[in-house]
Amino acid sequence: DAKTTQPTSMDCAEGRAANLPCNHSTISGNEYVYWYRQIHSQGPQYIIHGLKNNETNEMASLIITEDRKSSTLILPHATLRDTAVYYCIVRVPILSGGSNYKLTFGKGTLLTVNP
Amino acid sequence: GAVVSQHPSRVICKSGTSVKIECRSLDFQATTMFWYRQFPKQSLMLMATSNEGSKATYEQGVEKDKFLINHASLTLSTLTVTSAHPEDSSFYICSARTYTGELFFGEGSRLTVL
Numbered sequence: 001d002a003k004t005t006q007p008t009s010m011d012c013a014e015g016r017a018a019n020l021p022c023n024h025s026t027i028s029g030n031e032y033v034y035w036y037r038q039i040h041s042q043g044p045q046y047i048i049h050g051l052k053n054n055e056t057n058e059m060a061s062l063i064i065t066e067d068r069k070s071s072t073l074i075l076p077h078a079t080l081r082d083t084a085v086y087y088c089i090v091r092v093p094i095l096s097g098g099s100n101y102k103l104t105f106g107k108g109t110l111l112t113v114n115p
Numbered sequence: 001g002a003v004v005s006q007h008p009s010r011v012i013c014k015s016g017t018s019v020k021i022e023c024r025s026l027d028f029q030a031t032t033m034f035w036y037r038q039f040p041k042q043s044l045m046l047m048a049t050s051n052e053g054s055k056a057t058y059e060q061g062v063e064k065d066k067f068l069i070n071h072a073s074l075t076l077s078t079l080t081v082t083s084a085h086p087e088d089s090s091f092y093i094c095s096a097r098t099y100t101g102e103l104f105f106g107e108g109s110r111l112t113v114l
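Residue numbers (our numbering), protein chains in the order written: chain A, 1 to 115; chain B, 1 to 114.
Hints listed in this document are in silico derivations from the structure and should not be mistaken for laboratory results.
Treat the hints with caution; some may be incorrect.
[As the list claims (entries may be wrong)] Within a straight-line C-alpha distance of at most 16 Å, the following computed EDC-like cross-link-like pairs (lysine to aspartate or glutamate) qualify: (1) A/K102 - A/E31; (2) B/K20 - B/E59; (3) A/K102 - B/E102; (4) A/K52 - A/D82; (5) B/K66 - B/D88; (6) A/K102 - B/E59.
[Unchecked claim] Pulled a few chain A residues facing chain B out of the computed Cβ check, cut under 8 Å: (7) Q42; (8) G43; (9) Y46; (10) G50; (11) K52; (12) N53; (13) K102; (14) L103; (15) F105; (16) G106.
Just so it is clear, CB atoms sit at the ideal spot from N, CA and C, and this is done for glycine as well.
In isolation and in its complexed conformation, chain A is listed as follows (with noise of 0.2 Å):
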C-alpha cells in the first residue's frame, strides 16, 4: 500500500490561508489522492480528491505535483470550525484492474485555527 506523510500538527490563524502537506513519494499511476477530516468525535468527511490535476471545491483545493509525489491541500480563508485532524489518504484498489478500493488512514495533522 502507498503510505502517506504529513506532519503531526499545525497552526493557522483564523482567515488565513492553510495549506497542509502530504507526501505519497510510493503512489502508483493509477492511485488517487483523497482528503479527508475529522472533528472530535464525528465520523470523517470527505473534502476532495484527485489524480494528477489540481483540483478545486467550494471547501479547498488540491494541488498535485507534477511527479505526483506529494500534494498539499489548501482551506482558502481557515475559519475556528476547521479545527480538526485532517487525512491525507492514497486509495488503493481491493481487486486489480476493477474500481472496488478500500481507503487506509494514516495518523493525520491537527490542524489548529487559533482566533
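Once you have looked at the hints, place chain B on chain A.
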C-alpha cells in the same frame, strides 16, 4: 452529500455480552461497506470490507469470529461484537461506497464495555 447513519451512536454493555451496531445508507445503495475502529487519539483502523450478499473480508489481525459482519441488503450492514470485553471499548465507524465510487462515513458508534 449522501447520508450514512449508524445506530446506536453510544452503547454501554456488560462484559461478556454481545452488541450489534447498524450502518445504513439512507439515500443510496451501497454494494460495499467498510468497518473501522478508532481508539482514543489514534487514527482509524480498517477492520473489514463488507460486500452485499457475500462474506466480509477481514484485515490481518481482526478476529472474524469476534466481529461478525452481515451485509444482507444494499442499504444495511451490521457489526456484532461478540462476548465483548473492556478492551473492545472503542469508536466504531462505518463507511459506504456508492456506485460512482464515492465513499461516505457514518457518525460513528461509541462502545463502552464495563
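(request) Please work out if A/K102 and B/E59 have their alpha carbons no farther apart than 16 Å. (result) Roughly 11 Å between the alpha carbons, so the hint for A/K102 and B/E59 holds.
(request) Mind checking the CB of A/F105 against every CB in chain B and telling me if the closest is under 8 Å? (result) 4 Å, holds
(message) Please verify whether A/K102 and B/E102 have alpha carbons no more than 16 Å apart.
(response) 11 Å, holds
(request) Tell me if A/K52 is really an interface residue toward chain B, meaning its C-beta lies closer than 8 Å to one of theirs. (result) With a closest approach of 17 Å, the A/K52 hint is violated.
(request) Hold the hint about A/G106 up to the distance rule: shortest CB distance to chain B must be less than 8 Å. (result) 6 Å, holds
(message) Under 8 Å is the threshold here; is the Cβ of A/Q42 close enough to any Cβ of chain B for the hint to stand?
(response) 6 Å, holds
(request) For the pair we were handed, A/K102 and A/E31, check the Cα-Cα distance against 16 Å. (result) 11 Å, holds
(message) Next item in the hint list is A/L103. Is there a CB on chain B closer than 8 Å to its CB?
(response) 6 Å, holds
(request) Have a go at the A/N53 hint: is there a Cβ in chain B nearer than 8 Å to its own Cβ? (result) Result: violated, 17 Å to nearest chain B Cβ.
(request) Assess, step by step, whether the Cα of B/K66 is no farther than 16 Å from the Cα of B/D88, and give holds or violated. (result) Holds, because 10 Å separates the two Cα atoms, which is no more than 16 Å.
(request) Using Cβ atoms only, decide whether A/G43 comes closer than 8 Å to chain B, and label the hint accordingly. (result) 4 Å, holds
(request) Let me know if the C-beta of A/Y46 comes in closer than 8 Å to any C-beta of chain B, holds or violated. (result) Given a least distance of 7 Å, the restraint on A/Y46 holds.
Violated hints for the displayed structure, listed by number in ascending order: 2, 4, 10, 11, 12.
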